[in-house]
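For the protein sequence lines, the chains are A and B, in the order given. The first sequence lines up with residues 1 to 305 when you count with UniProt numbering. The second sequence lines up with residues 1 to 305 when you count with UniProt numbering.
Treat the hints as calculated values from the structure; they're not laboratory data. Errors might be hidden in some of the hints.
It does not matter which identical chain is meant; a pair holds if it fits inside one copy or across any two.
Unchecked claim - DSBU-like, lysine-lysine: derived pairs with alpha carbons at most 30 Å apart:
id: 1; residue 1: K23; residue 2: K138
id: 2; residue 1: K188; residue 2: K259
id: 3; residue 1: K217; residue 2: K301
id: 4; residue 1: K188; residue 2: K280
id: 5; residue 1: K59; residue 2: K199
id: 6; residue 1: K280; residue 2: K192
id: 7; residue 1: K142; residue 2: K20
id: 8; residue 1: K301; residue 2: K188
id: 9; residue 1: K138; residue 2: K188
id: 10; residue 1: K301; residue 2: K199
id: 11; residue 1: K23; residue 2: K165
id: 12; residue 1: K85; residue 2: K188
id: 13; residue 1: K85; residue 2: K142
id: 14; residue 1: K78; residue 2: K42
id: 15; residue 1: K275; residue 2: K42
id: 16; residue 1: K165; residue 2: K199
id: 17; residue 1: K301; residue 2: K280
id: 18; residue 1: K275; residue 2: K188
id: 19; residue 1: K192; residue 2: K85
id: 20; residue 1: K259; residue 2: K78
id: 21; residue 1: K259; residue 2: K59
id: 22; residue 1: K78; residue 2: K280
id: 23; residue 1: K301; residue 2: K85
Protein chains: 2
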Amino acid sequence: MSLLVIGTVAFDAIETPFGKTDKIVGGAATFASLAASYFYNKTKIVAVVGDDFPQSFIKDFNNHHIDTEGLQIKAGEKSFFWSGKYHNDMNTRDTLITELNVLADFDPIIPENYQDCEYLMLGNLTPQVQQTVINRLKNRPKMIVMDTMNFWMDIALDDLLATIKMVDLLTINDAEARQLSGEYSLVKAANKILTMGPKYLIIKKGEHGALLFGEGKIFAAPALPLAEVFDPTGAGDTFAGGFIGYMAKIGTVNFNNMKNAIIFGSALASFCVEKFGTEKIVNLSQEEIAARVQEFVSLSKFEIA
Amino acid sequence: MSLLVIGTVAFDAIETPFGKTDKIVGGAATFASLAASYFYNKTKIVAVVGDDFPQSFIKDFNNHHIDTEGLQIKAGEKSFFWSGKYHNDMNTRDTLITELNVLADFDPIIPENYQDCEYLMLGNLTPQVQQTVINRLKNRPKMIVMDTMNFWMDIALDDLLATIKMVDLLTINDAEARQLSGEYSLVKAANKILTMGPKYLIIKKGEHGALLFGEGKIFAAPALPLAEVFDPTGAGDTFAGGFIGYMAKIGTVNFNNMKNAIIFGSALASFCVEKFGTEKIVNLSQEEIAARVQEFVSLSKFEIA
Numbered sequence: 001m002s003l004l005v006i007g008t009v010a011f012d013a014i015e016t017p018f019g020k021t022d023k024i025v026g027g028a029a030t031f032a033s034l035a036a037s038y039f040y041n042k043t044k045i046v047a048v049v050g051d052d053f054p055q056s057f058i059k060d061f062n063n064h065h066i067d068t069e070g071l072q073i074k075a076g077e078k079s080f081f082w083s084g085k086y087h088n089d090m091n092t093r094d095t096l097i098t099e100l101n102v103l104a105d106f107d108p109i110i111p112e113n114y115q116d117c118e119y120l121m122l123g124n125l126t127p128q129v130q131q132t133v134i135n136r137l138k139n140r141p142k143m144i145v146m147d148t149m150n151f152w153m154d155i156a157l158d159d160l161l162a163t164i165k166m167v168d169l170l171t172i173n174d175a176e177a178r179q180l181s182g183e184y185s186l187v188k189a190a191n192k193i194l195t196m197g198p199k200y201l202i203i204k205k206g207e208h209g210a211l212l213f214g215e216g217k218i219f220a221a222p223a224l225p226l227a228e229v230f231d232p233t234g235a236g237d238t239f240a241g242g243f244i245g246y247m248a249k250i251g252t253v254n255f256n257n258m259k260n261a262i263i264f265g266s267a268l269a270s271f272c273v274e275k276f277g278t279e280k281i282v283n284l285s286q287e288e289i290a291a292r293v294q295e296f297v298s299l300s301k302f303e304i305a
Numbered sequence: 001m002s003l004l005v006i007g008t009v010a011f012d013a014i015e016t017p018f019g020k021t022d023k024i025v026g027g028a029a030t031f032a033s034l035a036a037s038y039f040y041n042k043t044k045i046v047a048v049v050g051d052d053f054p055q056s057f058i059k060d061f062n063n064h065h066i067d068t069e070g071l072q073i074k075a076g077e078k079s080f081f082w083s084g085k086y087h088n089d090m091n092t093r094d095t096l097i098t099e100l101n102v103l104a105d106f107d108p109i110i111p112e113n114y115q116d117c118e119y120l121m122l123g124n125l126t127p128q129v130q131q132t133v134i135n136r137l138k139n140r141p142k143m144i145v146m147d148t149m150n151f152w153m154d155i156a157l158d159d160l161l162a163t164i165k166m167v168d169l170l171t172i173n174d175a176e177a178r179q180l181s182g183e184y185s186l187v188k189a190a191n192k193i194l195t196m197g198p199k200y201l202i203i204k205k206g207e208h209g210a211l212l213f214g215e216g217k218i219f220a221a222p223a224l225p226l227a228e229v230f231d232p233t234g235a236g237d238t239f240a241g242g243f244i245g246y247m248a249k250i251g252t253v254n255f256n257n258m259k260n261a262i263i264f265g266s267a268l269a270s271f272c273v274e275k276f277g278t279e280k281i282v283n284l285s286q287e288e289i290a291a292r293v294q295e296f297v298s299l300s301k302f303e304i305a
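For reference, chain A alone in the conformation it holds in the complex (with noise of 0.2 Å):
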């Protein structure tokens, strides 16, 4: 059994108040990946890079003991490039470039050694290609996450309800859940999303932490107060990871576990933000790890009589 992770492997170049940098790796299943590796030593990675993307960083996913067999590497083509730019209260940002490259006729192929797969997190990616990596799999996982974002319910909302259903947990913020549900009311919108397929739903509220809804249940997980968050690229992903990564560690799907799941999540994310890019999470270690969660516990522990 293992995890797979799909999602980008990229070129990010990003501007912050905090200062800028060049093209550095980035990606929604870089990120993913890295933060899932810390709980679970079986994650495989199905991605498309070109011959520009470092030999070096694949080492280090590689040290991570991450698969990266399904990593396909297109000779002669360049990998997927974002660059942007983040506005003083790092919540906006302005997307300055956006170079497909690679990513614009990625086919994601499933190697043999990966059937294996029973938790599957599908990053950020056109949900056609989110949906093909399902049906490439001979069983159905155990367990299926999904990340999404607005830009493809403006696109693609036929493709993207599809794929939605075919899923146990969607995770998206605050506004693209209002903007799937059309309710203002987060309750709402969740009790509506839960009925579009997934049994489960996370909303993620960045600085306000994210709900978790599923079972007739809601939990509310707090997000560590920082205070400086100097690059929030990937926060989601790695939070994504770090969640799917745990419950694989754990391997039994329900939302008791989804709590602590969306804990582990939000301390990998909380270290991501401190540096740009995966400098930060790409080399923590595992006593960093449970002091952070332990921040978690006392920032929201109260004992009623």
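Fit chain B to the supplied structure of chain A, relying on the hints for placement.
This is chain B only, laid out in the frame that chain A set:
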């Protein structure tokens, strides 16, 4: 010993997407003292109304064991009146009418038998009037909680800062914390505000809950996710009243007790928004409150092995 609540006792006329009201009773001291009364039965108010204020509502106060000796009734004058209209998101509103009436020259007279006050709730009012109340108490209360709003930051900042310096705990919302501190990060904002006098700070984030800062610690309380917010008027005052009422009941001022006080205050506020004005919170049972508090427990509880 007793709990003194100062603030407005007034009329509101409210329009929300769910309906509209004629003049109904509102005001910070109204909501706060009613909320406090569920936890503490020596609650007293200082406020001013005109002789248009209904005797029946004064009876409601007294039925809640709220001492109204300090409620001045000005013959031939009219009570403070506010009218507002909420937008569809229920988070923003337009003020339609503000008639100060008796509030214009409110002199907060403290009855002699209020001098046993150990807990003081300064509901939103001119900071100058809030300060006068502190100065007129012969003994400094064990705990002074102050609520205020951006309006006073705009037009009476010096008075506001002088009053803030005298209190133990300040409650404001996130936008106000940013305005008062000039810092975007709420952690930085809180650190700055805690140098202005108060030992504790509560940042109210509406549907995202509240943050408590003090003693070098942070507590994040969730808000109850609600399918419908019928009328948010008075929710902040209800929260503050429930908070200080619970603190007065417990009798020991520390961070740990404040965490529970925030949960009880949030529970009361979650009732407040279910109906117009005070309609819901004027008539709650202890059983209903206990059940609602348990909803907060299940909402936020997780156990990391």
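Q) From the Cα coordinates, with 30 Å as the cut-off, is the pair K165 and K199 best called within, between, both, or neither? A) within (10 Å within a copy, 51 Å between copies)
Q: Classify it for me, K192 with K85: is the Cα-Cα distance of at most 30 Å met within a copy, between copies, both or neither?
A: Between. Shortest inter-copy distance 28 Å satisfies the 30 Å Cα cut-off; intra-copy 34 Å does not.
Q: Can you give me the call for K85 and K142, within, between, both or neither, at a CA distance of at most 30 Å?
A: Neither: 38 Å inside a copy, 49 Å across copies.
Q: If the cutoff is 30 Å on CA atoms, where do K301 and K280 land: within, between, both or neither? Let me know, please.
A: both (27 Å within a copy, 29 Å between copies)
(Q) At most 30 Å between alpha carbons: which applies to K275 and K42, within, between, both or neither? (A) within (26 Å within a copy, 52 Å between copies)
(Q) With identical chains, the pair K23 and K138 could be close in the same copy or across copies; at 30 Å between alpha carbons, which is it: within, between, both, or neither? (A) For K23 and K138, neither the intra-copy (37 Å) nor the inter-copy (66 Å) Cα distance is at most 30 Å.
Q: Evaluate K59 and K199 at a C-alpha cut-off of 30 Å and name the case that applies: within, between, both or neither.
A: neither (37 Å within a copy, 50 Å between copies)
(Q) Cα distance capped at 30 Å. Does K78 pair with K42 within a copy, between copies, both, or neither? (A) within (28 Å within a copy, 73 Å between copies)
(Q) I want to check one pair: K85 and K188. Are their C-alpha atoms no more than 30 Å apart within a copy, between two copies, both, or neither? (A) For K85 and K188, the Cα distance is within 30 Å only across copies (23 Å; inside one copy 33 Å).
Q | Alpha-carbon proximity context of K259 and K78, limit 30 Å | A | neither (39 Å within a copy, 53 Å between copies)
Q.
When Cα atoms must be at most 30 Å apart, do K23 and K165 count as within-copy, between-copy, both, or neither?
A. neither (36 Å within a copy, 49 Å between copies)
**Q.** Status of K301 relative to K217 across identical chains (alpha carbons, at most 30 Å)
**A.** both (19 Å within a copy, 12 Å between copies)
Checked against the numbered hints above, the structure breaks hints 1, 5, 7, 9, 11, 13, 20, 21 and 23 and satisfies the rest.
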